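J.: Below are the chains, spelled out letter by letter.
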Amino acid sequence: MTLEEAKAVLDRVLSSAGTEETEAILGGGTSALTRFANNEITQNVSERRYLLSVRVQRGKRTGRATGNDISPTGIERLVRDAAEAAAVQPEIADLPPLPGPQTYREVDAFDPATADLSPEAREAEAARAVARCREAGLAGAGIYETGQGTIGEYGEIDALAIANSRGLFAYHRGSQATFRVSALAGTAGGWAARESHRAADIDGGALAARAVEKALRARDPVAWEPGAYTVVLEPAAVADMLQEMAWISFGALLVQEGRSFLAGKLGQRVMGENVTIRDDPYHPLHRSAPFDAEGIPTRPVTIVENGIAKSPVYDRRTAAKEGKESTGHALPVPNTLGPIARNLVLEGGAETLDGLIAGVDRGLLVTRVWYTNVVDPGTVTITGMTRDGLFAIEQGRVTRAVRNFRFNQSVVQLLGRVEAMSAPERVAGVVCPAIRASGFHMSSVTEF
Amino acid sequence: MKELARLAIDTASARGAGYADARLIQIREEDLHFKNGEPAGVERSSSTGLGVRVLVDGAWGFAATDDLSRSGVERCADLAVSIGRASARLLQEPVRLAPEPPHQAVWTSPCRIDPFSVSLQAKLDLLSRVDEGLRSVKGVRNAECFLRFLREHQWFVSTEGSDIEQTFTRSGGGMIATAVRDGDIQRRSFPASEGGHLLSGWEHIESTPWVETAPRVAEEAVALLRADQCPAGTFDVVLSGSQLALQIHESVGHPTELDRVLGMEANYAGTSFLTLEKQGALQFGSPIVNLVADATLPGGLASFGFDDEGVEAQRWPLVENGRFVAYLTSRELAHRVGEKRSRGCSRADGWHRIPMIRMVNLGLMPGRGTLEELLSDTDHGIYMETNRSWSIDQLRYNFQFKTEIAWEIRRGKRIRMLKNPTYQGITTQFWNSCDAICGESEWVPWSVVNCGKGQPGQVAAMTHGTAPARFRVVRVGAGYEG
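Just so you know, the sequences run in chain order A and B.
Under the working numbering, the first residue of the first sequence is numbered 1, with each subsequent residue one higher.
Under the working numbering, the first residue of the second sequence is numbered 1, with each subsequent residue one higher.
Isolated chain B, as found in the complex (with noise of 0.2 angstroms):
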């Protein structure tokens, strides 16, 4: 397989590229769903494609295709050189890579048991139980469970003298039960809206409690009908951590994407509040708050051994302290904030998408205590679990996220269920806020599978680690005052 990325890289020199890097890549994945008893979808699906993208006359061109002749390789390669070549008529300044030396590597995510090699029944009759526990419970309206794996070959090579080949393996799953009367529909989740998802094999499943965790949801899904109307005004919120793993992703995450920063992500997602003067002078959070882009962190799924421009995987503070001090960068852009080597965060979603900057997994580092101790610490406040809507504005300043259920804390003890939470703020005024997170025994790798950006569209996959934490005086139950 390697040597079609080479013929392709191979072509592209040939016509005239200055640099070329292509990505061969296989996709496998199993997609199974079950909904009220019955299967719901159980597919298997499988990709293999080439993408190559070039550098002619300081300009980018990108092409990809799913014709892996050698003919419809040269092809690729030739159209790419094509676009690169108009990219260029209409350029102010050619692009400059940051160097990164030629790796020849092998890297493969940890993966204990081959999801793969678990039969299908054995994945059916695990979801036939969770559909069952959830059902367990009268009420409830649908009941949804799900398993994913994925696994991706990936063979990455450049005219630099770059050679790597890597294998990830993700394995996933959750479940969802809704409850309805009268136009009023609650749900429940497990382990997050999402569900929870690793860079891991069938382990992961095995140590997730989702049979025995069925029940609980459905009944809280049923509970939260008969609950009351999350109060508005302003409270002491306390955040679960797969919450605030949203929070740090919309939030941190996409305003430190230094292309956000330099306009590229204008027509579509949008710019940044972070400009390039507030790098080492904002004071962007409380000085508790310390938040670290990891494409290390095992299991996380934006860990790597190298990005899908061959510049190897790292881990840095983006705010030490409270204060704001890295982005998140590529080899087109490091030089922009002065920086002499990327931080490895060009990815792209599988072949036929050009890498872009994404965010790797980025994590709150813990403070210390347990959820509970500091519940007990809150005199009067709410306490918000997992998420269920989320928005917040072009800049990343104003958001508004709402979760699926909460609880009031009056003298440190949770007093009565709530449903319908949310809240509001400002990005920085709200990270300021913070004035308690809890330890390690909480900090938990909460999963987002879904993460959208860039024109064409890609989606990609990361990891937010958290523990809950406290954040003061905040605007509470906006979202139902209209």
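Here chain A stands alone, though its shape is the one from the complex (with noise of 0.2 angstroms):
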């Protein structure tokens, strides 16, 4: 949707709703995914899909009607529902009034040509992964996923353009492009994927090619002992250790609850002098909307700078308890969770992946985790198993498979023992380096 069309469907909830205090928001768009699996294509799906949520707001009392029915008839049925449940709820003390118009930063994040990629351009880029896999004798499995707007991975509606009874209106277009790629060997396998907002930068062979290689490598892997390892994690790992620390953790809210490792200690040292986490929409990898659900711009924020503890990430209600501002990392307001933190970087360092391999003596090469989930939200104590190439190093190389792991470790503790890393790449929706630590945890072995 063009700024002049959501433009058009926000200025009719806004004169729909008349005098009352109202927040719109519109979120949506078209995504398409042609999934392919044992080398052909098993799946090829496309979607267009439109959300308008409506808030009307009286004094501290607040409701929300959200539908995708935009006709005018649609429209004043969302504002008549907002406005009933606004009057029959209880108050909310410290709601903030809507906020007035804003400036934004120019993100330039929208691309025609992948906005509109055929499907047999999806086809044909698939078709190169397939090619790649079957010349190595190995079962090709992966997507290429292509689309604008804000759809999330499981359906999602972020935000596309917000606008207030008080004059403020905000509008992002991104479009989107990721290819994953797993190339099996009966149990072994390897993975690649890139992301980017540009579906030129997609080059399915080359990806393939890389997963082929890894799942080569993979097959007959030995059991080693569960223990502490030194391990090298590509930037896939730890990207989703990173992901789920920031769910838990830097969001004021959860500070202010004390749920977060972060809670008494904002100036302390938490992590390695070396260790300098951020959210940033703006950086070149991310190309994020420059505004949050209540429409405040989103500043860069640094969280950790050099180990240590600098700042959570707020929206009104959390900032003004503090009585600071809002970094505008707000959800639909209220929600149960607070702000969060979804452009995160983990700035990285001058070495190559070879070269971290290169200083470990004895460890584990890891290329990515699975199903991570939260053991001990205070420490961000994580479990998972690795997945797609596990590796050996033995005196700097890289030398067998080994049978995969399942760890239970603290990211905290793991980024306090950070000793080099390589340049920043994006994957999962993070920008971070593949790193070397020491004394990574793995608990038990898996049966391949």
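There may be inaccurate statements among the hints.
To be verified - Below are the DSS-like pairs computed for lysine-lysine, each with C-alpha atoms no more than 30 angstroms apart in a straight line: (1) B:340 to B:419; (2) A:265 to B:138; (3) B:340 to B:278; (4) A:60 to A:324; (5) B:278 to B:453; (6) B:419 to A:265; (7) B:138 to A:321; (8) B:453 to B:2; (9) B:419 to B:138; (10) A:60 to B:419; (11) A:310 to A:265; (12) A:324 to A:265.
Simulated from the structure, these hints should not be mistaken for laboratory data.
Computed from a predicted model, the values in this text were never measured in an experiment.
Using the hints, put the two chains back together into the complex; each one sits in its own frame.
T.: In structure tokens:
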């Protein structure tokens, strides 16, 4: 939806709401995904979906109604439902008034060719990946997803445009291209992925070549004993752990409620001196929306700087509690979670992946991790499995495949023991490097 | 509305589809949250749209739209056919659908009191009373409670002549108390960590003791701050039904999905250790273990008249007397295990996502006796209750779970409360160590409402009915050994 089209819908909401204090969020877009497995396309889908969410605020009371009927009648119904919900609710003592007009940074994130990529073009890219897998005698499986707008991986819809009755209007348009490929040799596998706002950055054949190389090396794994190892974690593994940490730690409400490891630690050393973590939607590898779900401009926030805990991210309610300004990280108001950091950047170092490996006497190279979940939120201890390429490193060289481990590891402690890092890249929505760290706790071995 | 679904399949046929089906769906939801004495999100939402699925030259295409004008529907069907045509360029073997007689039917889930007819005020009043009960206990940092209601009205038509209208009404709610001290974060929830949900009307809410239970939930959360750390070692473990439900989900449900077994989920959720030669041959669990898939379970979240490709609901064993005997299948894949008919497991997340194999309701059949009798019969063990964390490898062998609370059992008695209990295992070793399952009186239909699978991701809900059970010589405490 163009800026003009989105504005027309939101203007209609505000006009339909009359004198009510009203906020309207429009999200959605189009998304297409070609999925392949066993070297053939098994699923190939496209969706067009928009969602309009209207919130009416009466003093300290507020109600929301959401729907995908954006006809004049549908909009009138949403406004009526939101007003009815607002009328019957108890007050929220610290509910802030709607914000006025804001100024936003421009983010160049839309590529028309990517937004409208044809099914034939997606098939051709998938076919290049499949050809590499076939040549190696492996089974290729993966996806090529392209689209525009704000439809999330599980169908959740973020804001494309926001307007309110105090004159605020925000709009951001982005396109997305994601290619992920697994190459399988029985229960051994390799994996590679790339994501960008431009389909032109995607090379399915090259990604499949990396996955194939990993898969061939991952065959016939030996079982190593559980224990603490020096590890080289590739960016996909680091990204997964950072996201888990962000979800349970980096929002100001979590800190205020004592549920984040940052609580009581701001200004203190919590990680190694070489670790700096930011939230930055303007990073060239992120290019995310420059505003949050309240329409407040998102500021880059340094969360940990050279190992010192600096600041969580804020929305207006949590900021007001501390006499601060919002950093623009709100979810739709009101909510139970508080603000969240969604554009993580772990600054990297100067090492190459080979250089990281060369510094290990006896340890493990982890391609990625799987099914991570929080065991202990206070220490950010997470569990999960290694996946799609776990390799022994001996005397600075990758020597052979190792059977996959379950790990239980505090991410905070891990980031206190980082020895070296590569340059960052974007994977799974996080900008982060590969890292080498000691004392990574592998808990038990699985069967493959 | 149904005419638009027909228009979609007629258009797809005219454009060259060999098979087409369409689902037109209206969804209505109400989601109410309360936190620490205030509303924390009260939202009513609705969504209407159409998904059309086609086979072109034996290859799948799918498109979905919320533009329900005639031209919008025609464009959607046309796009589905174009996508199918592109799929056919990278196809090894044309899709073969297992036969299913065309059905003309109307099916409605049981609902005595329409939850959408109950006023917002009444719902908020209930939440406010639960919230007060949770906050009545000193030391509770966060009191949270919620109610959720969903109605899905769908029309399914296919070029084979099926014409099915179904209406689902789901009601549920839950509460969580959190207590915090010096980085120790403990929580208790009720009825389970994601609440308790059924295909039911408001009567499900009325029959659940929300207000009466709230103080006990809060007291246990606070007591956990003072409880001993769960010891590490090997113990006999008794799992509550709410924890065992997720154990069933992760270690039985997902590995029996035939699409996973055949590699179709390899890039995301993974594959399965239950490869084809194990059907009928593998001793999955001990002889007392009987696991039954059941899309006809009254109130089950995955109960229906027909699945999302028009196959009638069925009930069948997956594990019989401990032996692995059957998979969860679809029309596309049934023939790969020599079956002539789909088991009816194709379901989609709304109108905008394509049907894929999803778990139907999957339950552990009851044994005998009560939980207290089982604990009395346990010399030294750990009783664990209510899931808090879960993880399993991509072939579904190695798992680890954490529960909210546990008690050490000595000579049949609970001797102390334990915090941070975790246990690990390998699926078949674990199920073969099951030596006791409680009886019918302890059997409860527990809900899972956020099961994720597929690319693009789809969320599904299902019910796992089970009673508590005991497992011998289980590794406990590894989650805190790092």
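J.: Which of the listed hints are broken here?
T.: 1 and 10
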